[in-house]
Amino acid sequence: MNVNGDALTTAGLCKNFGALSVVIDVNFVLPHGCRHALIGPNGSGKTTLINLIGGALTPTAGKMYLEGEDITHLTADQRVSRGLARTFQINTLFPRLTPIEAVTMVVAQRRGIGASLWRSLKRSSDTIDEAYEILTQLHLADDCDRPTAQLAYGRQRLLEIALALAARPKVLLLDEPAAGVPQQQSGEILSVISDLPDDIAVLFIEHDIDLVFRFAERITVLVAGRILCEGTPAEIAADPEVRRIYLGDEVHV
Amino acid sequence: MTAIEIPAPAPVVTPQERAHKVFAFTSRWRWEEIAFWVVAALSILIFPTHLVLIAQVLITGLFALSFDLLVGYAGIPSLGHAAFFGIGAYTAGLLARAGWTEPISGLLIAALVAGIAGFALSVVVSRLTGIGLIMITLGVGLLLYEAAHSARGITGGDDGLSGINIAPIFGHFQFDFYGKTAVVYTYVVVFLLYLLARRIVNSPFGLEMKGIRENVRRVPAIGIPLRKRYMVVFTVSAAFAGVAGALLGQITQTVALSALSFDRSAAALIMVMIGGMGTLIGALVGAAAYMVAQDRLSDLNPVYWNFWVGLLLVLFVLFARGGLIGGVDRLIVWIRSKRKKS
Amino acid sequence: MILGNLLYIIFSGVAYGVLLFLMSAGLAVTQGLMRFANLAHAAFAMLGGYLAVTLMNSYGWPFLLTLPIAALGTALFAGTLERLLFRRFYNVSQLYQIMLTVGIVSMSVASVTFIWGSVNQPVRMPSYLSGSIQVGNFDIDVYRLFLIVAGGLVVWALIWGIDSTSFGAKVRAAVDNRRVTSSCGINVDRLFMTAFFIGSALAGLGGALSVNLVGLSPTFALDFLAYVLIVVTLGGHGSMKGALVAALLLGVVDVAGKYYVPQTGPFIIYALTVVVLFWRPHGLFAKA
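Chains as they are written, first to last, in our numbering: chain A, 1 to 253; chain B, 254 to 595; chain C, 596 to 883.
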């Protein structure tokens with residue numbers, strides 16, 4: 001198995017909680033720059049898979065490789081510094097910090113000055129400017145100085161993505177980026193995702209079929225912890241198994 | 254909690270400038286800070302009979318400050334912080350008794366020893382959260398107290414250490430029990446450490462501490478090694494507490510078991526809550542309020558004191574989570590909004 | 596006789612452990628259920644003790660009758676506190692929960708000192724619960740035997756309740772995953788209120804039972820806070836059985852410590868706890 005050519009590879013990944021097997025023998029490949037969707041019924045293990053890849057959970061078995069490097073035993077923060085970032089399905093933000101502070105934190109850590117007790121943040125203009133840049137890309141420039149808790153949910157969701165992007169990842173894991181966002185605000189999230197740089201490989205979990213078919217180059221279907229099938233959107237839409245289990249018989253592509 | 258008061262944007266301020274202003278704003282010198290240090294300095298001159306109280310306020314303030322770094326900035330609950338105060342006090346005392354009477358190096362060594370203890374604790378504690386963490390910090394504090402109590406040979410047990418002689422500062426300024434030299438010495442040391450604390454909380458590390466406080470779950474997911482940061486926070490916080498303890502030992506020339514007591518840990522909690530968590534100056538203001546009140550009400554039955562302080566704590570937690578400093582912030586915001594309307 | 600001493604220590608330790616369990620069980624459940632850091636729990640036990648003592652000494656009630664009253668009175672007090680104060684803090688940072696409950700402890704200790712003074716409360720057990728009986732070569736302390744038997748019954752009922760009743764099942768489910776449980780239509784808020792009530796009753800009962808064994812003074816609320824926290828932490832989040840094992844272990848180790856190395860005081864307990872937690876941060880019986 002050649003792991004070097006791809007951005008992210010998992011081999012035989014398993015996760016059990018006691019007697020409950022949540023992720024079973026997942027062999028998954030994410031090529032560079034690919035836009036890959038992970039879909040499946042509720043409880044099929046999608047978020048657990050993201051947690052395993054991100055490092056929040058340790059696998060019961062199996063391995064994971066990031067650009068050819070074995071990351072199976074690395075902690076979450078170590079994976080981030082090697083270029084793997086994730087977002088959370090439910091906003092996991094810093095309520096009393098402003099977006100600019102939160103993103104500056106990530107940028108500072110990436111730049112290697114995060115541990116400095118002596119450096120003055122106020123004077124770290126480059127770092128702040130880079131953070132501001134990222135917020136601008138995410139349409140958050142105007143809200144940069146308001147406490148996160150005061151932002152609308154849709155804007156918080158954008159910040160969720162901003163935090164991950166600030167780490168300049170090569171692989172980005174998005175856990176239901178549009179979840180909980182009201183219709184009128186989800187347009188922004190869609191445009192942000194489509195504007196993501198081409199060199200970042202993106203794996204995203206989504207329930208919104210529109211989003212999936214709009215952005216995904218490839219789709220993996222996860223059912224009861226196992227990969228059911230994988231392919232292009234057209235292939236997946238046409239697959240009778242998938243239609244039966246997940247999409248329902250009356251989908252129109 | 255401090256309300257973040259947004260400076261009214263003038264028409265030409267761009268969002269980018271507003272972004273930079275956030276950091277300027279959070280690191281600004283508040284008028285409360287300037288007022289505190291000016292008032293403290295003036296008090297030394299104007300109230301020569303109250304030097305004991307002033308010194309106690311400064312020392313306890315430093316201890317509360319060290320606690321604020323842990324609790325207010327990093328959000329780590331601890332009920333055994335007095336352990337580091339006591340370690341610093343006993344270190345300074347034992348050093349002096351052993352013949353090492355130079356005061357400033359005594360402080361540095363006390364800071365070092367306390368810092369090492371903080372580091373050691375962090376190694377255990379960084380794996381725990383919530384009630385386990387509280388329990389361990391409580392346990393360690395009680396443990397140390399019991400150990401010090403038993404080790405009469407080293408600590409003097411119930412009687413404590415006495416006869417601590419301190420050499421003149423810079424070979425020139427002679428110490429006198431709670432005298433002017435001692436108080437000025439305390440003021441300078443605490444002020445310098447205050448400046449250092451300000452530097453730390455306004456650094457990238459300080460921002461990461463706030464991140465840990467606001468959402469510890471997110472922190473490793475953005476690339477920050479949580480355990481390492483815990484270790485630094487504990488070490489720094491413990492070192493600051495150690496200096497406070499050493500100061501007390503040096504200027505009172507005694508060290509008592511109360512330096513390690515749970516009461517002292519609980520008092521830090523109260524002071525920081527009353528003053529305002531996560532503001533640094535809140536710790537000093539809270540300490541001042543607490544010590545001055547305790548001084549004024551010293552002939553009161555301790556039962557009453559404990560009851561009212563407990564009640565105060567409950568009321569603050571219910572209605573005034575930002576403490577006195579937070580209250581002042583809210584007042585200013587309210588006044589400004591009223592002014593805008595008229 | 597070494598064996599005799601050992602048996603005595605185990606016997607005494609188990610009695611003490613049963614007591615510690617009664618005082619801690621409530622906290623284990625409420626901590627697991629709502630992640631609420633209730634540092635006032637030992638103060639509840641203290642209240643139970645003072646209720647029992649007052650009924651006995653000032654009103655001449657027989658000891659056994661004071662027990663249910665102590666439990667009920669404590670539960671009512673704690674339950675009121677929960678409804679009025681604590682429930683506002685369930686989703687708030689644990690820091691504030693600690694501050695709140697520390698404030699309550701402070702007020703409790705002060706109130707108790709004010710009403711009853713700071714001396715140890717004198718208490719006298721009825722004759723059928725005092726002294727010791729001879730079994731073979733051993734002198735068995737009657738009160739400790741009573742603790743083991745009566746306490747054991749309560750423990751058995753508790754474990755049965757947690758394992759076999761629908762209430763117990765709901766509690767276990769909510770400890771495991773509060774969000775999913777409430778989305779199943781179970782009123783977690785009311786569940787917690789009931790669990791808190793029962794847990795505080797147990798604490799009050801434990802406090803009342805402990806007076807004869809460890810004495811009662813205002814320092815009880817803090818002295819036993821450490822022990823209760825140790826039991827809950829070692830037992831693992833929300834695990835009653837874990838708390839039971841931890842309490843029994845703690846009881847035996849504490850008695851053994853006091854017997855073999857009395858001069859070190861509670862040092863051994865604290866030191867061992869620190870060591871155990873370093874090795875097993877989530878308690879002795881934590882799941883992955």
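Please keep in mind that the hints were generated in silico from the structure rather than gathered at the bench.
Please note: incorrect hints may appear among the correct ones.
[Unchecked claim] With a Cα cut of at most 25 angstroms, we get these calculated SDA-like pairs of lysine to any residue:
1. Lys122(A) to Lys591(B)
2. Lys122(A) to Asp412(B)
3. Lys274(B) to Ala115(A)
4. Lys481(B) to Trp118(A)
5. Lys591(B) to Arg146(A)
6. Lys481(B) to Ala115(A)
7. Lys481(B) to Ser81(A)
8. Lys853(C) to Ile407(B)
9. Lys481(B) to Asn16(A)
10. Lys122(A) to Ile407(B)
11. Lys122(A) to Arg168(A)
12. Lys274(B) to Ser81(A)
13. Lys170(A) to Phe444(B)
14. Lys765(C) to Ile407(B)
15. Lys481(B) to Arg146(A)
16. Lys122(A) to Ala288(B)
17. Lys274(B) to Arg123(A)
18. Lys122(A) to Leu298(B)
19. Lys765(C) to Asn16(A)
20. Lys274(B) to Leu151(A)
21. Lys122(A) to Arg281(B)
22. Lys836(C) to Asn16(A)
23. Lys481(B) to Arg119(A)
24. Lys122(A) to Gly383(B)
25. Lys274(B) to Ala152(A)
26. Lys122(A) to Pro555(B)
27. Lys122(A) to Phe444(B)
Results of checking the hints against the structure:
In summary, the hint linking Lys122(A) to Lys591(B) is not supported, as the alpha carbons are separated by about 31 angstroms, beyond the 25 angstroms threshold. A threshold of 25 angstroms between alpha carbons decides the hint, and for Lys122(A) with Asp412(B) the separation of about 49 angstroms lies outside it, so the pair is violated. With a C-alpha separation of about 22 angstroms, the suggested pairing of Lys274(B) with Ala115(A) holds against the 25 angstroms cut-off. Distance hint between Lys481(B) and Trp118(A) is fulfilled; the C-alpha atoms sit about 17 angstroms from each other, no more than 25 angstroms.
Pair hint Lys591(B) plus Arg146(A) holds up; C-alpha atoms about 21 angstroms apart against a cutoff of 25 angstroms. A hinted pair counts as satisfied when its Cα atoms are at most 25 angstroms apart, and Lys481(B) with Ala115(A) qualifies at roughly 9 angstroms. For a cut-off of 25 angstroms, the pair hint linking Lys481(B) to Ser81(A) stands: about 15 angstroms separates their Cα positions. Distance hint between Lys853(C) and Ile407(B) is fulfilled; the C-alpha atoms sit about 23 angstroms from each other, no more than 25 angstroms.
Note on Lys481(B) and Asn16(A): the hinted pairing is violated, with a Cα-Cα distance of about 29 angstroms set against a maximum of 25 angstroms. For the hint pairing Lys122(A) with Ile407(B), the CA-to-CA distance comes to about 47 angstroms; that exceeds 25 angstroms, so the pair is violated. For the proposed pair Lys122(A) and Arg168(A), the alpha carbon gap of about 22 angstroms is at most 25 angstroms, so the pair holds. As the CA atoms of Lys274(B) and Ser81(A) are separated by approximately 29 angstroms, the hinted pair breaks the 25 angstroms bound.
Simply put, Lys170(A) and Phe444(B) have alpha-carbon atoms about 46 angstroms apart, too far for the 25 angstroms limit, and the pair is violated. For the suggested pair Lys765(C) and Ile407(B), the alpha carbons sit about 54 angstroms apart, so the restraint of at most 25 angstroms is broken. Pair hint Lys481(B) plus Arg146(A) does not hold up; C-alpha atoms about 30 angstroms apart against a cutoff of 25 angstroms. Of the supplied pair hints, the one linking Lys122(A) and Ala288(B) holds, its CA atoms being roughly 23 angstroms apart against a limit of 25 angstroms.
Between Lys274(B) and Arg123(A) the alpha-carbon distance is near 11 angstroms, which keeps this suggested pair within the 25 angstroms criterion. For the hint linking Lys122(A) to Leu298(B), the alpha-carbon distance of about 36 angstroms lies beyond 25 angstroms, and the restraint is violated. Only pairs whose Cα atoms come within 25 angstroms are accepted, and Lys765(C) paired with Asn16(A) is accepted, the gap being roughly 24 angstroms. Between Lys274(B) and Leu151(A), the direct Cα distance comes to roughly 19 angstroms. Compliance with the 25 angstroms bound is thereby established for this hinted pair.
Distance hint between Lys122(A) and Arg281(B) is fulfilled; the C-alpha atoms sit about 10 angstroms from each other, no more than 25 angstroms. The straight-line distance between the Cα atoms of Lys836(C) and Asn16(A) is roughly 24 angstroms, inside the 25 angstroms bound, and the hint therefore holds. Distance check on the hinted pair: Lys481(B) and Arg119(A) sit about 18 angstroms apart at the alpha-carbon level, within 25 angstroms; holds. Distance hint between Lys122(A) and Gly383(B) is unfulfilled; the C-alpha atoms sit about 33 angstroms from each other, more than 25 angstroms.
Taking the CA atoms of Lys274(B) and Ala152(A), the gap is about 22 angstroms. The hint holds against a cut of 25 angstroms. With a C-alpha separation of about 46 angstroms, the suggested pairing of Lys122(A) with Pro555(B) is violated against the 25 angstroms cut-off. For the hint pairing Lys122(A) with Phe444(B), the CA-to-CA distance comes to about 22 angstroms; that is within 25 angstroms, so the pair holds.
Of the numbered hints given earlier, the model fails hints 1, 2, 9, 10, 12, 13, 14, 15, 18, 24 and 26; all others are met.
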